[in-house]
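S.K.: Line order of the protein sequences matches chains A and B. First residue of the first sequence? That's 79 in our numbering, and the numbers climb one at a time after it. First residue of the second sequence? That's 254 in our numbering, and the numbers climb one at a time after it.
Treat the hints as calculated values from the structure; they're not laboratory data. Every residue, glycine too, gets a C-beta built ideally from N, C-alpha and C. Worth double-checking, as some hints may not be accurate.
As the list claims (entries may be wrong) - Mimicking DSS-like on lysine-lysine, the simulated pairs with C-alpha atoms at most 30 Å apart in a straight line are:
{"hint": "1", "chain 1": "A", "residue 1": "Lys167", "chain 2": "B", "residue 2": "Lys273"}
{"hint": "2", "chain 1": "A", "residue 1": "Lys126", "chain 2": "B", "residue 2": "Lys399"}
{"hint": "3", "chain 1": "A", "residue 1": "Lys201", "chain 2": "A", "residue 2": "Lys320"}
{"hint": "4", "chain 1": "A", "residue 1": "Lys126", "chain 2": "A", "residue 2": "Lys137"}
{"hint": "5", "chain 1": "A", "residue 1": "Lys201", "chain 2": "B", "residue 2": "Lys273"}
{"hint": "6", "chain 1": "A", "residue 1": "Lys126", "chain 2": "A", "residue 2": "Lys167"}
Said to hold, decoys possible - Footprint (simulated), chain B over chain A, 3 or more residues, beta carbon under 8 Å:
{"hint": "7", "stretch": "138-147"}
{"hint": "8", "stretch": "210-222"}
{"hint": "9", "stretch": "260-273"}
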Amino acid sequence: MLTYILRRVMATVPMLLAISLASFLLLHMLPGDPTTILLGQRATAENKRELRSRLGLDKPLPEQYLLYMSDVSRGEFGESHRTNQLVAKELRQRVPATIELAVAAMLIATLVGVSLGVLAAVKPRSLVDFACLSMALVGVSLPVFWLGFLAQKLFAGEWKLLPFSGRLDFGSWPTFSSETGFYVLDALLVYRNTELLLNVLAHLALPALVLSTVPMALIARITRASMLETLRQDYVRTARAKGASPAAVVLSHALRNALIPILTAVATQFGYLLGGAVLTETIFGWPGLGRYVIEAIDVLDARPLQASVLLIASAFVIVNLLTDLSYAFIDPRLRKKEAA
Amino acid sequence: MKELTIFIASGAHDFARFLKTHRPAQAGMVLILLVAFAALLAGVVAPYGPMEAVPNRFFAPASSDHWLGTDSQGRDLFSRLLYGARYTLAVALSATLLSLLAGSVIGAVAGYFGRWVDTLLMRFIDFMMSFPSFLLACVAVAILGKSLENLIWAVGIAGAPSFARQVRAEVLRLRAQEFVEAALSLGYGHTRILVRHILPNCLTPIIVLGTLGMGGSILSVAGLAFLGLGGDPFVPEWGLMLKLGWDQSSQGAFQVGVSGACILVTVLGFNLFGDGLRDWLDPRSRSR
């Protein structure tokens, strides 16, 4: 077990190094001179020269990379020329916003997706099964930004049930300032205010729902397939024969064994959402990481782009690592095999 | 070449028979044909040109002159959607072909040669896959510059790694088969074995992957265009049209609605048809 964990952890180290190298090289791959990119178009030649020597851009690339890595290891990502703010400071607001949205979306997707998949597998070729398959198909075929627009028009525009965009109605809460970056946690733990919490959740509802469609579709599809497979197994028949209740058979005998592919799908999708919420964030004016990337690309703002790429890819790799490790806990056979 | 033609013809015949029993694939084919006809016949069917603006008729509602009304510039929306099929399909198809080509070459070489070639190439693919593919495409556009042509490159590159993995798996399976061993013992070169013996046998799975990939490419291209990374905003590509409508807020709502619906229908078509193709290829997945 321990060797399995160690080996898996060691395998991610070169990957993380490669990611850091790629994010470093990004500065040199963007069109134009790095100093122009960093200072913006209005920079004078003198400014550029000064920056060049300050950043060590006149040094050889390997040395520059080491400098870059020592900055990154201290949590310094440079400055954005678009906002003139420290990237690290901006990220402290952007990252929690995206995590909050992604977690909410994954909760919805997993809950609905797994339930639908299980119900469909228990009764194949039934109405539920048809609904599950149709949803799985439409979910991956929908342009999310289009769905987001429609949802916004109906729920916020026509029916006025939910707010249009943003994370909070700052007009009603002018004094609100986030301690944690996660507004739900702020409302729950810091402010302990139900009204504030409801306002935050209302803002979260539409974007989370829209963002959940693709993972929901994939999770439902995989749950269904995996459950169909395990429900056919002999031990399920044995469990039925010994008189276990149908619910116990489905949930504790079959679902538990069908869990690994489902878990993989959940984890992979969560990893994608951390960096892939760009479109949903754009539609709903959600000030998250995905939006940050696009704003940076728009004006070729190199530092934010480097930092976001580094962060998103590392998070993705680490989520995958944790998933792999969790297999050992779910499936005792993996543990045994490694021990032997 | 003759063997290959016979091979494809017999496959097509077999698939046609399968298609008769598979409703979803039929539906998918109808949708794809519909969009393909719109793209091909846009010049004949469309009542107006895609850039032809009627003066002083901005945001006109649907009428007998303009079946779906006009946009913010007074251009006929229905005509633009028809021409849009052309742009959308062309861009997505090019991107998918690029992914397939790059993915197949990398996957085939890695799977066939194995050992350090395999390790090296697959580590590279793992690295590419540590970026969410949509993000990878966004960054690629940042590097290449914003234009519809560069979207092809960006989406094509971002899509290649998953193809490479699947083609590699297929080649790995074929590599162990006796006909490859026979070809090797006849003294054929590696290139010849790869190109003439192994790749033709991968053709069917590659076609399936490509069909399923089309849906994803259309969505990625439209998404990038919607984010304003598609360059010239007046090209009648569906993602760009959707963006143009979105920028007009409530007046453009109808334009957003119809261009999004066009994207949905097309992607749905490719996914339905692709699922059918996969079921045909892998009978084990049919019951699922």
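S.K.: With reference to the structure, classify each hint as holding or not holding.
M.R.: Checked hints:
Proposed proximity of Lys167/A and Lys273/B is contradicted: the alpha carbons are some 60 Å apart, above 30 Å. Among the hinted pairs, Lys126/A with Lys399/B is consistent with the structure: their alpha-carbon atoms are about 25 Å apart, no more than 30 Å. About 21 Å separates the Cα atoms of Lys201/A and Lys320/A, which keeps this hinted pair within 30 Å; it holds. A hinted pair counts as satisfied when its Cα atoms are at most 30 Å apart, and Lys126/A with Lys137/A qualifies at roughly 15 Å.
With a CA separation close to 26 Å, the supplied pair Lys201/A and Lys273/B stays within the 30 Å bound. Proximity of Lys126/A to Lys167/A is assessed by CA-CA distance (about 24 Å); at most 30 Å being required, the pair is judged to hold. Taking a C-beta to C-beta cut-off of 8 Å, the stretch 138-147 of chain A contributes 0 residues in contact with chain B, too few for the three needed, and the coverage statement is violated. With 7 residues bearing a CB less than 8 Å from a CB of chain B, the stretch 210-222 of chain A meets the requirement of three and the coverage assertion stands.
Residue count for the stretch 260-273 of chain A with a Cβ under 8 Å from a Cβ of chain B: 0. That is fewer than the three needed, and the coverage hint is violated.
Hint check: violations occur at hints 1, 7 and 9; the rest are consistent with the structure.
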